[in-house]
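Participant: Just so you know, the sequences run in chain order S and Y.
Once you know that position 78 of the first sequence is 78 in the numbering used here, the rest is easy, because the numbers rise by one and skip nothing.
Going from the second sequence to the numbering used here is simple: count from 1 and add 100.
Just so you know, these hints were derived from the structure itself, not from any lab.
All clues given are correct.
Residues on chain Y that point at chain S, a partial pick, calculated with CB under 10 angstroms:
| hint | residue |
| --- | --- |
| 1 | Lys253 |
| 2 | Ala256 |
| 3 | Phe266 |
DEER-style ranges, computed between Cβ atoms:
| hint | chain 1 | residue 1 | chain 2 | residue 2 | range |
| --- | --- | --- | --- | --- | --- |
| 4 | S | Ala73 | Y | His576 | 42 to 48 angstroms |
| 5 | S | Thr89 | Y | Ala146 | 42 to 48 angstroms |
| 6 | S | Arg85 | Y | Leu116 | 29 to 35 angstroms |
| 7 | S | Arg85 | Y | Leu376 | 42 to 48 angstroms |
| 8 | S | Leu23 | Y | Ser303 | 31 to 37 angstroms |
Yeah, the Cβ is synthetic: ideal placement off N, Cα and C, and Gly gets one too.
Residues per chain, in single letters:
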Amino acid sequence: MVPIAYYLVLAAILFAIGIAAFLIKRNVITIFMSIELMLNAVNLTFVAFSHMWHQVSGQIFVFFVMVVAAAEAAVGLAIIIALFRVRQTLDVDHINLMKD
Amino acid sequence: MSTNLLAILPELILTLTGIVIMLAEPLIAPGKSRKPLGWLAILGTAASGLAAFYQLQICNAHGTITAFYATIQVDAFSVFFHLLIAAIVLVTLLASLDYFEAGTVTHAGEYFALLCFGATGMMFMTSSVELLMVFIGLEISSISTYILAGFRKGRATASEAAIKYFLLGSFATAFFLYGIALCFGATGSTSIAAIAAGLTITSTPLLGWLAVAMVLIGLGFKVSAAPFHVWTPDVYQGAPSPVVGMMSTAPKAAAFAVLLRFLFSATPMYRSHWILMIEILAVASMTIGNLGALAQRDVKRLLAYSSIATAGYILVAFTASQQDAVAAACFYTAAYAAMNVGAFVVLTQLSGFDEKLRSIQDFTGLALKRPALSALLAFFLISLIGIPFTGGFFGKFYAFSAAVHSGHTWLAIVGLANSGVACFYYLRVLSALYSRPVTDTLSDTPTTPRRVTLPAALALTATAAATLCLGIIPNHLLHLVQRATPTTTVAATTTSPVPTLTPR
Numbered sequence: 001m002v003p004i005a006y007y008l009v010l011a012a013i014l015f016a017i018g019i020a021a022f023l024i025k026r027n028v029i030t031i032f033m034s035i036e037l038m039l040n041a042v043n044l045t046f047v048a049f050s051h052m053w054h055q056v057s058g059q060i061f062v063f064f065v066m067v068v069a070a071a072e073a074a075v076g077l078a079i080i081i082a083l084f085r086v087r088q089t090l091d092v093d094h095i096n097l098m099k100d
Numbered sequence: 101m102s103t104n105l106l107a108i109l110p111e112l113i114l115t116l117t118g119i120v121i122m123l124a125e126p127l128i129a130p131g132k133s134r135k136p137l138g139w140l141a142i143l144g145t146a147a148s149g150l151a152a153f154y155q156l157q158i159c160n161a162h163g164t165i166t167a168f169y170a171t172i173q174v175d176a177f178s179v180f181f182h183l184l185i186a187a188i189v190l191v192t193l194l195a196s197l198d199y200f201e202a203g204t205v206t207h208a209g210e211y212f213a214l215l216c217f218g219a220t221g222m223m224f225m226t227s228s229v230e231l232l233m234v235f236i237g238l239e240i241s242s243i244s245t246y247i248l249a250g251f252r253k254g255r256a257t258a259s260e261a262a263i264k265y266f267l268l269g270s271f272a273t274a275f276f277l278y279g280i281a282l283c284f285g286a287t288g289s290t291s292i293a294a295i296a297a298g299l300t301i302t303s304t305p306l307l308g309w310l311a312v313a314m315v316l317i318g319l320g321f322k323v324s325a326a327p328f329h330v331w332t333p334d335v336y337q338g339a340p341s342p343v344v345g346m347m348s349t350a351p352k353a354a355a356f357a358v359l360l361r362f363l364f365s366a367t368p369m370y371r372s373h374w375i376l377m378i379e380i381l382a383v384a385s386m387t388i389g390n391l392g393a394l395a396q397r398d399v400k401r402l403l404a405y406s407s408i409a410t411a412g413y414i415l416v417a418f419t420a421s422q423q424d425a426v427a428a429a430c431f432y433t434a435a436y437a438a439m440n441v442g443a444f445v446v447l448t449q450l451s452g453f454d455e456k457l458r459s460i461q462d463f464t465g466l467a468l469k470r471p472a473l474s475a476l477l478a479f480f481l482i483s484l485i486g487i488p489f490t491g492g493f494f495g496k497f498y499a500f501s502a503a504v505h506s507g508h509t510w511l512a513i514v515g516l517a518n519s520g521v522a523c524f525y526y527l528r529v530l531s532a533l534y535s536r537p538v539t540d541t542l543s544d545t546p547t548t549p550r551r552v553t554l555p556a557a558l559a560l561t562a563t564a565a566a567t568l569c570l571g572i573i574p575n576h577l578l579h580l581v582q583r584a585t586p587t588t589t590v591a592a593t594t595t596s597p598v599p600t601l602t603p604r
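Could you put the whole structure together from the sequences, leaning on the hints where they help?
Facilitator: This is the structure we're talking about:
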């Protein structure tokens, strides 16, 4: 059986990759994807701990995270479309009207 | 009425109001005024505030209400925040009733519904003692405010504000969630009482420590504490003024409530660890906020930096003992809500939907044109400085004295020095208001400025009266917040044998 710690380390690595991508990537959609990666890393952590404690509540939490992530994706993509209509670009380096 | 329904009565009323507004919106012919929906939202918010007040009476008589298998806990602490959030949303609704009339906005109905839904989420954050419910409340409130931030559709700055708020807000949520996951790993539960019990016997204190750090980072983003403040100035500059007034106070109040509950009720045994992080956040927020504000020319950006500094002042109160911290933080949150919402209501009235007046220069000599509104803005700015006889003074006073009582005198001194720095930038706006313009820049604005309508005048009166009352007779609110210390009901948790991280 695979030890719990392996899952936790994998989740932590995924989370770290998400953070790195969020900071490095320049396209809004890619940044959004890196956030989803972070959320899924959290889900993996929840499932692993849920197995460790023999409790189902962690897995229920995962369902709620997925539902909320879907709602967030709907709103996020709508905002991205609204942004693209106005600016014709999705490069975060060019989305800088408000520095004075 | 069953206990379950009673416990979520304010949230229930707000949700129903929001749904009714969404359903009624298509029934109103396009092009017609959406004001009736606004009045409906005002009615619903007021009813929800009354429901919260009713809960307070029941709490006084019978003690804490717990419902939904100890997920929701209604005590003086959560009722205080319910009332505060309802009041903020009510004033915001009053101020923005006529906000959309001048423009060519066709989607004003959604605005009123989103404010109701957002307030529901914030209320759930303050009344739930189960981190799952806190997370859902946080998301309901965040998603509503993401949309509200970009509400001036078709404007580049609005979309930019919305996308920045959305990306950084979701980023913060991921940290908050990871913190909850680690809490669950350390204790096997996501309920605050069970976490408190579990952390004392946990075999992996490192997980608990990491969990506290992650939750602090996540909520630090939400309250815009430095170094997690980068989104604040841009979002406040691009979002509509009435929305900024709401989102700089209500979601932050809710996030502070969660932070108070989590730190003092769930993880009191890590106090020596998290107090260091709170100190760093407080000093960084105060310093970066105030020094950043000095360099700003845009008034909304300036107020954004001042809200970062305010997050720092409130965090100073967190270093005290539980009772002092809760009282001081609640009081300052309320005082800040009164004066900051007031300031943004004035900005709404002055610059309207198009936001013609932006930089401090645009405000030069405004007292000649709009004497009453300028006087009110001056009053709110004086309160933000923290001059006696205003709510801002007592807010700072209680926060700093709470820190001194717990032996963090140096933190209070840093805070006082920062308040001195803050005088400069507030006074720059004040002196601009009351100085004669060099050139008559106001000539291009319409000769008859928009009249302040009755609802907006009501909102202005309410915020000004609240700011003044908190500065002259703070005792009433202080008595309420001193009783508000959240009670930790140590639930009889079915503690399963503590597993270890080693393979079986």
